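A.B. asks: For the protein sequence lines, the chains are A and B, in the order given. Numbered by the working numbering, the letters in the first sequence go through residues 1 to 258 in order. Numbered by the working numbering, the letters in the second sequence go through residues 259 to 511 in order.
Relax, there's no trap hidden among the hints.
Residues on chain A that point at chain B, a partial pick, calculated with CB under 10 Å: (1) Arg48; (2) Asn51; (3) Leu53; (4) Ala70; (5) Pro71; (6) Ala76; (7) Met77; (8) Ala101; (9) Tyr130.
Non-contacting residues of chain B with respect to chain A, defined by C-beta distances greater than 10 Å in every case (computed): (10) Ala284; (11) Leu340; (12) Ile355; (13) Leu366; (14) Glu399.
Simulated DEER-style distance windows between Cβ atoms: (15) B/Val332 to A/Glu179: 48 to 56 Å; (16) B/Arg262 to A/Ser133: 27 to 35 Å; (17) B/Thr361 to A/Gln165: 56 to 64 Å; (18) B/Arg424 to A/Pro55: 20 to 28 Å; (19) B/Met374 to A/Thr57: 53 to 61 Å; (20) B/Leu497 to A/Thr180: 46 to 54 Å; (21) B/Leu347 to A/Pro55: 21 to 29 Å; (22) A/Glu173 to B/Thr269: 53 to 61 Å.
Source of the hints: derived by calculation from the structure; they are not laboratory data. What you are looking at is a predicted structure, and each value in this text was computed from that prediction instead of being measured. Here a beta-carbon is modelled for each residue, glycine too, at the ideal position from N, C-alpha and C.
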Amino acid sequence: MKPRIEVRGAGIRFGALQVFRGIDLEVGEREVVAIVGPSGCGKTTLLRCINGLIPLTEGEITIEGEPLAAPREGVAMVFQHFGLFPWKTVFQNVAYGLRLAGASRAEIADKAQKFIDVVGLTGFENYYPYQISGGMQQRCGLARALSVAPRVLLMDEPFGAVDAQTREILQFELLSIWETRPTSMVFVTHAIDEAVLMGDRVLVLKGSPSAVHEVVDVQLPRPRNRATLLHPRFAELREHVWQTLMADARKAEFKVTQ
Amino acid sequence: MPRRNWILYATMFASLALGAAAWELAGHLTSDAFWAPLSTTLKSLGEVVHNGVLLRQAASSFELYLTGLALAVVVGAPFGVLLARITWLRVALEDYIMMLYATPMVALIPFILSMMGFGFAPKVLVVFLFAVFPVLYNTVEGARSVRPELIEVAHSFRSGEWALWRDVMIPYTLPFAMTGIRQAIARGLVGMVAAEFFLSPSGLGQMIMMGSQNFDTASMLAAILIMVLLGVGLMDIGLYLEKRFAAWRGYNP
Ligand SMILES: Nc1ncnc2c1ncn2[C@@H]1O[C@H](COP(=O)(O)OP(=O)(O)O)[C@@H](O)[C@H]1O
Ligand SMILES: [Mg+2]
Chain A
1 MKPRIEVRGA
11 GIRFGALQVF
21 RGIDLEVGER
31 EVVAIVGPSG
41 CGKTTLLRCI
51 NGLIPLTEGE
61 ITIEGEPLAA
71 PREGVAMVFQ
81 HFGLFPWKTV
91 FQNVAYGLRL
101 AGASRAEIAD
111 KAQKFIDVVG
121 LTGFENYYPY
131 QISGGMQQRC
141 GLARALSVAP
151 RVLLMDEPFG
161 AVDAQTREIL
171 QFELLSIWET
181 RPTSMVFVTH
191 AIDEAVLMGD
201 RVLVLKGSPS
211 AVHEVVDVQL
221 PRPRNRATLL
231 HPRFAELREH
241 VWQTLMADAR
251 KAEFKVTQ
Chain B
259 MPRRNWILYA
269 TMFASLALGA
279 AAWELAGHLT
289 SDAFWAPLST
299 TLKSLGEVVH
309 NGVLLRQAAS
319 SFELYLTGLA
329 LAVVVGAPFG
339 VLLARITWLR
349 VALEDYIMML
359 YATPMVALIP
369 FILSMMGFGF
379 APKVLVVFLF
389 AVFPVLYNTV
399 EGARSVRPEL
409 IEVAHSFRSG
419 EWALWRDVMI
429 PYTLPFAMTG
439 IRQAIARGLV
449 GMVAAEFFLS
459 PSGLGQMIMM
469 GSQNFDTASM
479 LAAILIMVLL
489 GVGLMDIGLY
499 LEKRFAAWRG
509 YNP
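Construct the complete structure from the given sequences, taking the supplied hints into account.
C.D. replies: Structure follows, in structure tokens:
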């Protein structure tokens, strides 16, 4: 079976800046690929390419077998900055994707409410984003993405802007939501343990311009939950990814300081 | 809190009463041609209300004012968003807009007179010119400050240009446009009086002029009083609308 997302030899250049090149990536129908790399290595840019927001300068992307030209139906993104509309209530924000997809009023009311319940925002439907915490705002962003029943879910450091405790809670909630309806997911993060916890595979991006340095096959059992953190293989993998990422980072840092 | 409010209201009331007393006193201490007492002014106000002159003149002024103001909003706000979305158009027109915004509009009135003569249209143009630039300027600045991430969110959810305006550009820009409209409310009033003075005399402006020529200070002050009340009332409406549309920015609704 063809993978749902296929990225071949992807490269992006902004003027003189070559951000990454030669990236290959395949995501199956019920697969999560985590992408980890230092800040500025082009993770967000790669996701924007997969979303069809910006064109590649080299290589090509196909989704469900079709070459990508513009944002596709069935692909939804969760943003690091949440991307909520401050003038819309929680309900209106969640309903946004459905409305643009042309859903009927009854369908919107039904589905938006369903996903508000799924992410645990019941009772906050009429709140504005500025009235709720960062964690709740990201729950709202997640509900908005889930409500359009995406077959591809793109997550751009979704928990990067919330505090540590909230982040842990949200990680496990996302895992259990994913279990009830597994889809293709690309999960970008700069946190190594998060990448290992989420991904079936972890792509380590590194270098300048960055490229795939290693693909780690995670092979931790699903469903994943808090117990996964205690799995011996989890510690092993985290250590392995850490070594791959940090070895050069230390060298680079020392070079700068000297 | 209620106690504080009570003190504030008492202070406000005392201040207004003092102002009224000063007005009355000034009228008695000076010649009637210079300054009429409040009581005479109110009596004259009662007269012009009674014989329908005030209503007719105020209606004429109001028609002029509202036409000019409505045109300024209808043209200024959409054009402002358009300028913010289309870069080359903005770059091409920016300097002209700044120049016109900075120009004291009264200086253009003789020019408008020689171009368009007397009548309703040139007067509307004057009110429009007074009012349109704050609307335009604030809208452009507002629409330009739309966070690009939000536009990207819209594109990510496959929004077309029209839906982008409906869901992002217009709601984001509305509070900024309202700030401009509130300024336009005040400037438009100035424009109205200027048009009524310097083009064909009409409305409240004409009442003021005639009052001044006939040394009828009382009816002059009556017309001014109506104008002040009109301005204050409209400013309040503007402020209310501005706050209402800016609720999402975290202000008190
Ligand atoms: N539209 C753009 N124009 C020019 N440079 C950009 C643009 N978008 C991103 N960049 C640059 O590309 C690099 C990668 O950015 P980004 O993808 O946001 O990294 P990451 O998400 O991994 O932190 C950065 O150096 C950033 O400054
Ligand atoms: Mg990023």
